[in-house]
Every structure is written in structure tokens, then in C-alpha cells.
Amino acid sequence: ECGLDSKADLPMSKLWKYYSEAKDRSSDSSTKNMHEIANYCIIDALRCQELMVKHNIINDYREVASIAHISLFDSHYYAIGKKVSNLLGAEAWAQDILYTTKISNQKISGKFPGAYVFPPEKGLENKRPVTGLDFASLYPSIIMTYNLSPEKMVSTLSEADKLKRENKVLHSIEFKYGGKP
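Oh and the sequence shown: position 129 is 129 in the UniProt record's numbering, straight run, nothing missing.
Calculated directly from the structure, the hints in this document are not laboratory data. Backbone N, C-alpha and C fix where the C-beta goes; we use that ideal spot for every residue, glycine too. Watch out, some of these pointers could steer you wrong.
[To be verified] In silico DSS-like cross-links for lysine-lysine, where the CA-CA straight-line distance does not exceed 30 Å:
hint	residue 1	residue 2
1	K152	K82
2	K162	K152
3	K82	K54
[Stated by the list, open to error] Computed spacing ranges between beta-carbons, pair by pair:
hint	residue 1	residue 2	range
4	Q106	G3	55 to 63 Å
5	R62	G110	42 to 50 Å
6	K162	D44	37 to 45 Å
7	K107	D74	47 to 55 Å
8	K107	V169	52 to 60 Å
9	E125	L51	42 to 50 Å
10	I57	D5	48 to 56 Å
11	N126	K23	25 to 33 Å
12	D5	L98	31 to 39 Å
13	N126	K17	17 to 25 Å
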């Protein structure tokens, strides 16, 4: 499918047999077998590299690293939460807002207003791309802090008025969303 050469053929059972023999005793045969394993590993690594080049993966990671203000290593190995956190930090910095990723040990007590949960609209969402993000690390600091769900933001006054007429309780949020105050 990708037009790449195949990997070296070395069944796992044979590989473990070669390792066991080399571990137990050193001989010309075990040395030859270890060379075969080394060749297998080199070709396997080379095919991975060729596949990454073929699919332009490194450049994709470089672009993500550049956009999210992280290293190439972090771009590949860290979950999306770190990338989103860095983007938030960069935007805060651009607006002269002090921002920290340090986790506070301070416990908040008291009650907070609940949220109205809208029933989902059934059907195909094709007006904009739908993505899935791992918000495990960001959920507490964004969604719980502001008690909101991004897909339920009310962005126009007319929509807010309509919901108020339906006796829905709305909460004003005083920060920029979508580039608007």
C-alpha cells in the first residue's frame, strides 16, 4: 500500500530461541544468529523510519510543536491536554494575563450553581469538524472551574433571550471566547 520494502522475516519463536541459545552458550552458530537478529532489528527500525517519512509524520509533529509551543519530543509523546494547556498559556501571555500550570492543593468548599444539560440533537454533525480531545488533565481546571461545556456555550444574545423565555438559568462568563469578549 505504501510502496515500501517488506520487513525481514524472523518469527518470534525463532527470535526467542536464538536469544536463549546465545544466553546459554557462545558459539559460532549463536554469533551468526545474533547477527540475524541485529539485521532484523535494523531493518525493522528502518521500515518505521521510511513509513514516517512516507506519511510526513515528522513534519506533522514539527507543525504541532510550533503551534502548541512545545518541543518535538513533547509533540509526539504527550497527550493533547498538554498541547491545549500550552496554547492557553500562549494566548494568556499574548493578552498580558498571568497564567500557571501549577496545580493548587487548595480545596474549594461551598456550593456552586448547577448547569442545565441540554438533550443531544440527533443526527449528523457536518457543519464543522468534530474532534475528540483527552481532557482528563484539563477537565478540572477548565470545565469544572467555569461549570461549562464548550458545545453548550450560548454565543448570541438572541439565543440567550430565547433560553431565558424557556426559563433556563444562564450564567454570564466574563472572558474571551472565540476571540470575542
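Verification of the hints:
1. For the hint linking K152 to K82, the alpha-carbon distance of about 23 Å falls within 30 Å, and the restraint holds.
2. Straight-line distance between C-alpha atoms of K162 and K152 comes to about 14 Å, which keeps the hinted pair within the 30 Å bound.
3. At roughly 27 Å between alpha-carbon atoms, K82 and K54 fall within 30 Å of each other, so this suggested pair holds.
4. In this structure the hint that Q106 and G3 lie 55 to 63 Å apart at CB holds, the actual value being about 57 Å.
5. A beta carbon spacing of about 46 Å between R62 and G110 agrees with the range 42 to 50 Å that was offered as a hint.
6. For the pair K162 and D44, the beta carbons lie near 60 Å from each other, so the given range of 37 to 45 Å is not met.
7. Between K107 and D74 the beta carbon distance is about 30 Å. The supplied range of 47 to 55 Å is therefore violated.
8. A hinted range of 52 to 60 Å is violated for the C-beta pair K107 and V169, which are about 26 Å apart.
9. A beta carbon spacing of about 32 Å between E125 and L51 contradicts the range 42 to 50 Å that was offered as a hint.
10. About 18 Å separates the C-beta atoms of I57 and D5, a value inconsistent with the hinted range of 48 to 56 Å.
11. Checked against the hint of 25 to 33 Å, the C-beta distance between N126 and K23 comes to roughly 58 Å, which is inconsistent with it.
12. Under the hint 31 to 39 Å, the C-beta atoms of D5 and L98, about 54 Å apart, miss the expected range.
13. The hinted window of 17 to 25 Å between N126 and K17 is violated, with their beta carbons roughly 54 Å apart.
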